[in-house]
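The task is simple: from the sequences and hints, build the whole structure.
Protein sequences appear in the order of chains A and B.
Following our numbering, the numbering of the first sequence begins with 482 at its first residue and continues without gaps.
Following our numbering, the numbering of the second sequence begins with 482 at its first residue and continues without gaps.
Just so you know, the hints here were simulated from the structure itself, not pulled from any lab data.
These figures come from a predicted structure and were not determined experimentally.
In this text, a Cβ means the ideal position worked out from N, Cα and C, and glycines have one as well.
There could be a bad hint or two in this list.
In silico BS3-like cross-links for lysine-lysine, where the CA-CA straight-line distance does not exceed 30 Å [claimed, not checked]:
id, chain 1, residue 1, chain 2, residue 2
1, A, K744, B, K656
2, B, K822, A, K750
3, B, K707, B, K822
4, A, K707, B, K750
5, A, K502, B, K812
6, B, K656, B, K707
7, B, K730, A, K502
8, A, K727, B, K502
9, A, K730, B, K502
10, A, K567, B, K796
11, B, K655, B, K528
12, B, K655, B, K750
13, B, K744, B, K727
14, B, K484, A, K796
15, A, K796, B, K796
16, B, K744, A, K656
17, B, K744, A, K750
18, A, K812, B, K502
19, B, K841, B, K822
20, A, K838, A, K860
21, A, K656, B, K750
22, B, K750, A, K727
23, B, K535, B, K568
To spell it out: a stretch of chain A is covered by chain B in this simulated footprint if at least three of its residues, at any positions, have a beta carbon under 8 Å from a beta carbon of chain B; those stretches are [to be verified]:
id, region
24, 607-613
25, 621-632
26, 755-764
Here are some chain B residues the structure puts well away from chain A; computed CB gaps all over 12 Å [claimed, not checked]:
id, residue
27, N649
28, G661
29, D696
30, I699
2 protein chains.
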Amino acid sequence: MVKIGIIGVGTVGASVVNILKDNADVISARAGVDIVVKSGVVKNLNKDRGLDIKLTDNVDDILNDDEIDIVVELMGGVEEPFEIVKKALRNGKAVVTANKALLAYHRYELQEIAQDIAFEYEASVAGGIPIINALRDGLSANHIESIMGIMNGTSNYMLTEMIQNGVNYDDILKKAQDLGYAEADPTFDVGGYDAAHKLLILASIAYGIDAKPEDILIEGIENISKEDVDFASEFGYAIKLLGIAKKDKNMVELRVHASMISKNEMISKIDGVMNGISVVGDKVGETLYYGPGAGGDATASAVIANIIDIARSGKSRPMLGFDRPMEAGLKLKPIEDIKSKYYLRINVSDKKGVLAKVTKIFEENDISVETMLQRPTSKESANLLISTHTAYERDIQKLINSLEALEFVNFKPVMIRIV
Amino acid sequence: MVKIGIIGVGTVGASVVNILKDNADVISARAGVDIVVKSGVVKNLNKDRGLDIKLTDNVDDILNDDEIDIVVELMGGVEEPFEIVKKALRNGKAVVTANKALLAYHRYELQEIAQDIAFEYEASVAGGIPIINALRDGLSANHIESIMGIMNGTSNYMLTEMIQNGVNYDDILKKAQDLGYAEADPTFDVGGYDAAHKLLILASIAYGIDAKPEDILIEGIENISKEDVDFASEFGYAIKLLGIAKKDKNMVELRVHASMISKNEMISKIDGVMNGISVVGDKVGETLYYGPGAGGDATASAVIANIIDIARSGKSRPMLGFDRPMEAGLKLKPIEDIKSKYYLRINVSDKKGVLAKVTKIFEENDISVETMLQRPTSKESANLLISTHTAYERDIQKLINSLEALEFVNFKPVMIRIV
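The structure is reproduced here in structure tokens:
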């Protein structure tokens with residue numbers, strides 16, 4: 482029998498307890514042993530959670546319990562769980578976590594500490610989709626050329642509604658909040674930070690590259706409007722918030738941003754709250770993994786898969802998937818060196834000579850225009866909707882600054898990268 | 482260092498040799514050891530394969546070589562490789578195979594023999610997609626409700642061309658043969674047998690159910706015509722050759738057949754030679770796995786993933802994913818008890834009273850019609866294109882026989898199940 486202790490018994494924790502009971506038949510057949518929850522740590526002991534496990538508000542009751550084999554960390558946060566899981570590992574307990582923020586900051590230190598004991602984290606990326614499993618084990622024969630994914634269900638739900646039903650950003654944000662998909666402060670989801678945490682975890686497995694959220698390009702979907710959606714539809718693109726990791730010679734670029742992507746790509750077909758991650762390996766080609774990226778039961782499904790694996794095999798692989806230096810020459814590409822095609826929406830006062838001035842600024846910044854549309858937004862103003870050929874991020878940022886400084890440009894131009 | 486011997490050095494075997502060399506850097510970092518091919522067994526020693534490994538035409542040179550840790554079986558067939566891998570396992574060698582036919586017939590005997598030694602087979606289903614990995618490990622917390630997939634790239638390529646470009650069956654079969662996607666005798670692919678082998682493997686992992694190809698419903702795509710494709714498009718369906726495993730109370734239905742499936746389903750969006758498998762778990766919901774189902778390098782990617790896993794961990798789980806009785810009450814549902822909606826194309830001589838007689842036969846067989854279209858095919862004949870409400874397989878077969886017996890029905894009605 483394997484005994485587990487759960488730190489943080491919220492939605493996911495309760496699902497872990499319930500599934501271990503509901504599905505005990507298949508779980509014990511697959512694990513080869515019975516798995517039981519011995520106790521859980523909560524902040525508020527007075528809240529009724531409807532669970533028949535022992536609860537405590539003292540984390541040491543679990544960390545120092547010799548009977549507990551596996552600690553499941555579901556409390557969230559960064560530094561506090563870091564201290565707790567370190568202590569658990571040092572006390573000889575395997576750890577399973579769903580905490581992407583913890584890993585976005587401390588995955589290499591944890592890999593170091595967990596050299597001889599299992600530390601698993603399938604649920605930290607894309608909820609119920611076994612993407613860690615696929616990338617670390619299933620594709621292990623490959624150099625990974627790229628990872629590109631919809632890693633945040635909230636923003637994908639919002640973008641899907643904007644595209645399919647013409648809803649505007651503020652209305653759909655409110656609806657997402659009403660449905661419980663988005664938090665009262667939605668920044669973490671719509672601003673791209675949640676996706677960035679997940680991207681960093683995947684990039685470590687693929688490339689062994691170390692980076693923190695503050696090192697990489699992170700933008701959200703807050704500035705996307707109906708005009709952008711219409712332009713995208715007209716030119717055969719979907720708009721998605723994508724996390725992208727891409728190898729380019731000895732560099733790896735890591736970035737999260739709203740993206741226009743061809744409707745022919747599988748990833749563009751993933752709608753609503755679902756997640757999907759495409760991985761291109763040098764030998765296998767493209768594979769794609771699709772499923773629910775959040776929700777108590779889906780996340781718990783991944784947590785328990787890790788528990789079953791540990792119950793059966795103990796530590797069967799290094800935490801990040803390698804224990805010799807891997808892809809050692811790869812460096813993080815500076816943001817300004819990233820190349821892309823770009824879409825720009827430039828709102829201008831409708832005066833004579835505006836178009837000539839705008840195109841001149843493109844020329845001066847060495848950025849060549851692929852398509853241009855002009856659409857009136859009122860009697861006095863118009864949107865210039867422009868897509869460019871491939872350009873450097875540094876040049877596009879200079880271009881945007883130059884455009885913004887023009888007196889007839891009404892606000893900072895909105896830019897969406899074309900993937 | 483881990484040494485492997487390869488039995489059958491054709492396209493996939495050569496890819497295994499080349500990838501182990503090309504990608505030795507990441508492979509050894511992930512495996513924690515170096516992996517080298519010691520020798521390969523081929524039938525014809527005189528053929529130049531451009532590989533610098535030792536070749537032999539005697540399989541015992543590998544089976545009795547004490548230095549070889551892992552035997553990779555890529556020879557194909559059923560009984561001959563079965564004898565060989567049994568011998569390898571008994572000689573203490575781990576086995577990796579891509580051979581779906583071997584597993585379709587002997588997986589339970591192999592699980593028995595390989596109790597203490599690793600036997601892996603990721604490449605046997607859907608080539609480069611790590612679906613065995615996902616189903617056996619990633620979704621292990623779930624009762625599996627259904628598996629539904631495009632498991633044969635050849636037939637999916639043909640159907641895609643028929644639907645998107647209006648090509649007819651015979652022309653696209655010839656093109657598929659010219660491109661090397663289809664064999665001179667294409668029955669194994671277009672007749673559904675290849676997909677059936679893969680389905681049986683997945684069903685064993687999901688349900689622990691034992692069945693042989695001859696126990697289950699297997700139909701192909703040979704009778705699909707442009708009329709069917711047009712009907713499907715008109716009513717919002719794609720046509721796919723699907724392998725389906727579905728739990729229904731204490732029964733599991735297993736079937737491979739051409740299917741009309743709503744264009745809203747992710748699986749309907751998978752086109753060309755690609756494979757894709759949707760798995761619904763009771764807790765995780767739907768997850769889907771997409772990628773190349775064939776090709777030397779993609780298949781070798783899966784073979785090597787297994788080799789890396791074994792090199793690192795030895796035997797880390799039971800071959801089929803469970804070693805206590807699992808889902809023990811589940812039985813294979815008899816084919817005639819399967820329920821579905823159906824599409825029928827009935828070619829009739831265009832005479833008075835035909836429609837009344839046809840509808841009467843539907844009524845007599847207790848099958849209710851959902852939609853009906855009549856389309857002339859010549860001056861004297863017409864197609865009746867009919868979709869039904871849910872009915873039993875046994876009733877639809879009786880209906881088809883009754884219809885075929887009518888003198889004004891010109892040939893056996895074509896039936897496609899609606900999923």
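### Query
What are the numbers of the hints that this structure violates, sorted from low to high?
Hint check: nothing fails, all pass.
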